[in-house]
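Undergrad: For reference, the chains in residue letters:
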Amino acid sequence: MKFTMTAIATLLALGLTSAAQADIKLGASLSASGGAAFLGDPEAKTLEMLVEEVNAAGGINGEKIELILYDDGGDPNKARTFATRLVEDDEVVAIIGGSTTGTTMSILPVAEDEGIPFISLAGAIQIIDPVRPYVFKTPHTDRMACEKIFTDMQKNGITTIGMISGTDGFGASMEAQCKDVAGTYEITIAAQETYAPQDADMTPQLTKIKSTEGVQAILNPGFGQGPAIVTRNYAQLGIDLPLYQSHGVASDGFIELAGADAAEGVRLPGTALLIADIIEDGDPQKEVVAAYKAAYEEKYGEAVSTFGGYAHDAFRLMTDAIARAGSDDPSAIRDALEATDGLVGTTGIYSFSADDHLGLDLSAFRMLEIRDGKWTSID
Amino acid sequence: MTGKSKWIQLAVLAIIMLVLPFFFPSGYYYRVGALIFVNALSVVGLVILIGYAGQISLGHAGFAGIGAYSCALAPVHLGLHPALAVLLGAGISGVLALLIGRPILRLKGYYLAVATLGFGILVSMILSNERGLTGGPDGISVPGLGLRPLLRDMGLRLSGGEFWYIVNAVVLLVSIWIALNLYQSATGRAMRALHGSETAAKTVGIDVARFKLQAFVLSAVYASVAGSLLALQNGFITPDVAGFMHSVEMVTMAVLGGVGSVLGATFGAAILTLLPQILTVFADYEQLVLGFVMILVMIFLPLGLLPSIAARVRWRGV
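So the protein sequences, as listed, match chains A and B. This note's numbering applies: residue 6 is where the first sequence begins, and numbers increase by one. This note's numbering applies: residue 2 is where the second sequence begins, and numbers increase by one.
This is chain B alone, in the form it adopts within the complex:
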């Protein structure tokens, strides 16, 4: 990927984000769009971890949970502004990822999957059981960001959906820009090298442990910020956000769209966020359709939807 293609990718995405609202028949579509962007944000983090560095995690919802509950708790207990709470959550997630990443990233394959899985479950158990602090399984309210009333006073009237569509779109674009930059940087190349072969990477002098840890910490911060944004726009959060199913959902989005490509992962997030909305007509078969789509993609488009389609188009010389 060249520097030019990075800007083309970003521009295409930004144009889509700008143009889509003209086709929105109602305010509800802003909400769906905002959700797609939040999901894409955590999935882009996973692309760095899984796609670049070749490490798996089934516990990233745990970091989303930390980000979400930081926004719920810090403003109330520490008197912090919600925007600062997002940073606090990202900080906690990053430090935690640094601490647990060191020992568990020594593990490989299934063992790493199980260790990260354990971490995710631990976070969701703490959130469920510490009723006094977190409100337990029933959840807890999240204070508003306070930016929307401020904009209204300045004469800019936005609905909740519109506001979060814009905020999430901007955050997603920035995060994709960072991820694309990383891909081309020395660090990104080192991550991709150790993905290819750890032994070969070590032989050429790459500090494998360090780069794995960097990918893990960065993806944790992405998940945490996504969790925070979700909490802020919903105004209410339950331990489900840190649940195992949410972790699986993230990995599924990444794999479906194409775990090696940032845009592909965004596409995967869009599809898996949209599908349940389209499939409400036959809600009973939703899981069935999702599973079937997943199997088809794995068999026929093993690179993920977008990269596979792109490769095919290129191969035919179109």
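Okay, chain A solo, but in the shape it has when bound:
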């Protein structure tokens, strides 16, 4: 009997955590701790900050937002449980989240089954391809990053490249996408090397690429510390070819890690957020990125990241849709979300349609180059 009593008591305790009532309930499951915390932490902070901001300004159509945020620690199984909890128990009207592709794909069936609009913050193309009625996402796909890089290479007359990529999820996925679209841009990948995420020296791979006949540039799809080591080794070897990095390292942390000297001249596709300080007047994104950057840095005392920007955009898209829907009925919000036209975010300018739930094109990416330890736009 003791067991039953304990079980009932525990269940009651579970129920208590979701007692508070609010006007509009917005749910989120993010990876604020664990291996993907560098994604989830700024995302969670951004959402909390923006909810406060909107509520202080009177809410949406006069109704306050209550954010119910869970930390799934990057575990897809937990993400699925939290998604079920958000929908069935907390009865939220919309979900933002899934910091990683794995957690997103676990939340996705719950949102789809229950008809709850869901904006993911993860990169993979499989989230929105095929298009599912209730699922949207804010970050660009890897494929778009490859296309942006190849466009720049084409502009500079580069036709043969060497590629060195990480074997982690991000690196491997982008490597596959780049190989897939290289032909469209008439680019040949003459040399191809890989490294494991925890490797500390990539000199042998780079030497091999360097000595491959005809290579005109090096591309490094990767994430975390790997690309910084590649950049340092590349400088140490004195390789005299343009080095292209991915959007995965588009942060000031990368320049610090690689060293400003080594990173000199490195090019990568990034978002407007990264160059918020030097963005031209009259740029449609200027106001949005400047406001977000200033608010975030003042509140948390740390630099904004592209990832927090994804959450910012998802929140703006969702609140904009709720405002236009004029109700908190999930399917009305979904319809309004799909009708989003020209909403300016930090990542780009979003226009959704029935067959496009990403709503960004290549113009959302800006080709950046590191000069004297600072980002500059070279578009």
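For the record, the hints were derived by calculation from the structure and aren't laboratory data. In this text, all values refer to a predicted model and were calculated from it rather than measured experimentally. Treat the hints with caution; some may be incorrect.
[Unchecked claim] Away from chain A, derived, C-beta distances all over 12 Å, residues of chain B: (1) 39; (2) 79; (3) 83; (4) 97; (5) 129; (6) 162; (7) 185; (8) 189; (9) 198; (10) 242; (11) 246; (12) 252; (13) 293; (14) 299.
[What the hints assert, rightly or not] Which stretches of chain A does chain B cover? Using the computed rule of at least three CB atoms under 8 Å from a CB of chain B, they are: (15) 107 to 120; (16) 171 to 178.
Beta carbons: idealized from backbone N, C-alpha and C, even for Gly.
Starting from the structure of chain A, add chain B where the hints point.
TA: Just chain B, lined up with the frame of chain A:
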């Protein structure tokens, strides 16, 4: 334990499973219940290995991974029905456990822990690196069982949570029944004897290697089926299921609840599955609380929660 107590244990558990849903305020609790049952399933397997036979494994998530990915891959590549894929996964896990168990079960204590650890890591590395087949670290979708639409056509409308609550509860009850039967059987007695002292067991003519291997294979099959059920109800799986942390989680559940007792282990699985859900209010301290609870249990209730409490109650003559 007598034959009668076996049926009492099973009946108590079945009644709890039946009665609990009446207290569920929302569908989400079915999901938590279903998760508890799946975790308990793999933990019951570990009770056979650790509690009965006294062997340790830090790599059982590897078998869960095999079970899970069988359900993801076999229906797509072999055209197998998902239910058969569960059996295929269990078969592969069993055969694999048989092959690797023979050499590594010669090891004892730390060495066995490290060898099984290596196996688990190997499986999760293969799942991460064979992108072409497994989808890599991003994971892969798992086809549905197709039973729920079938029931709906027959006029029985169940939500995903309710359906899996029932399926997992039934599978868990069957697996506990098997484990309890094993405990009383000659094989179970032999396992417990070699747990007590291998030398003594050998002296009385017990084939130590054989019984260790049997426990290892059986627990691998349990973990594999649990992995399959998890994959089927989530509809999506990543290599995390085979990860080291998942192995540790399983062993922790078993030890916390009481590794010598099947019901205790189920209780441990329930607590460790519920805690993160209750602790969401202070998610930042979740790991801290878990660690603290674990230390307290180890110091004050070394047999595990349920057996220690039961012993204390009996001792006071209540």
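Undergrad: Each hint should be assessed against the structure and marked as holding or not.
TA: Do the hints match the structure? See the list:
Not every CB of chain A lies more than 12 Å from the CB of residue 39 (chain B), the least distance being 9 Å, so the non-interface label is violated. Taking the minimum C-beta to C-beta distance to chain A, about 22 Å, the non-interface status of residue 79 (chain B) holds against the 12 Å cut. Annotated as non-interface, residue 83 (chain B) keeps its C-beta farther than 12 Å from every C-beta of chain A; the closest such distance is 15 Å. In this structure residue 97 (chain B) is separated from chain A by more than 12 Å, as the shortest Cβ-Cβ distance comes to about 23 Å.
Residue-level check failed: residue 129 (chain B) sits 8 Å from the nearest beta carbon of chain A, not beyond 12 Å. Separation of residue 162 (chain B) from chain A is inadequate, the least Cβ-Cβ distance of about 7 Å not exceeding the 12 Å criterion. In this structure residue 185 (chain B) is separated from chain A by more than 12 Å, as the shortest Cβ-Cβ distance comes to about 22 Å. With a least beta-carbon separation of about 24 Å from chain A, residue 189 (chain B) lies farther than 12 Å from that chain, consistent with its non-interface assignment.
At roughly 33 Å, the least C-beta separation between residue 198 (chain B) and chain A is larger than 12 Å, which holds for a residue marked as non-interface. Once the 12 Å rule is applied to beta carbons, residue 242 (chain B) is inconsistent with being away from chain A; the minimum gap is 7 Å. Distance check on residue 246 (chain B): its Cβ comes as close as 9 Å (rounded) to a Cβ of chain A, failing to clear the 12 Å threshold; non-interface status is violated. Residue 252 (chain B), annotated as away from the interface, keeps every beta carbon of chain A farther than 12 Å; the closest lies near 17 Å.
With a least CB separation of 17 Å from chain A, residue 293 (chain B) remains clear of the 12 Å interface cut-off, as annotated. Once the 12 Å rule is applied to beta carbons, residue 299 (chain B) is consistent with being away from chain A; the minimum gap is 20 Å. With 6 residues having a Cβ less than 8 Å from any Cβ of chain B, the segment 107 to 120 of chain A passes the three-residue criterion, so the hint holds. With 5 residues having a Cβ less than 8 Å from any Cβ of chain B, the segment 171 to 178 of chain A passes the three-residue criterion, so the hint holds.
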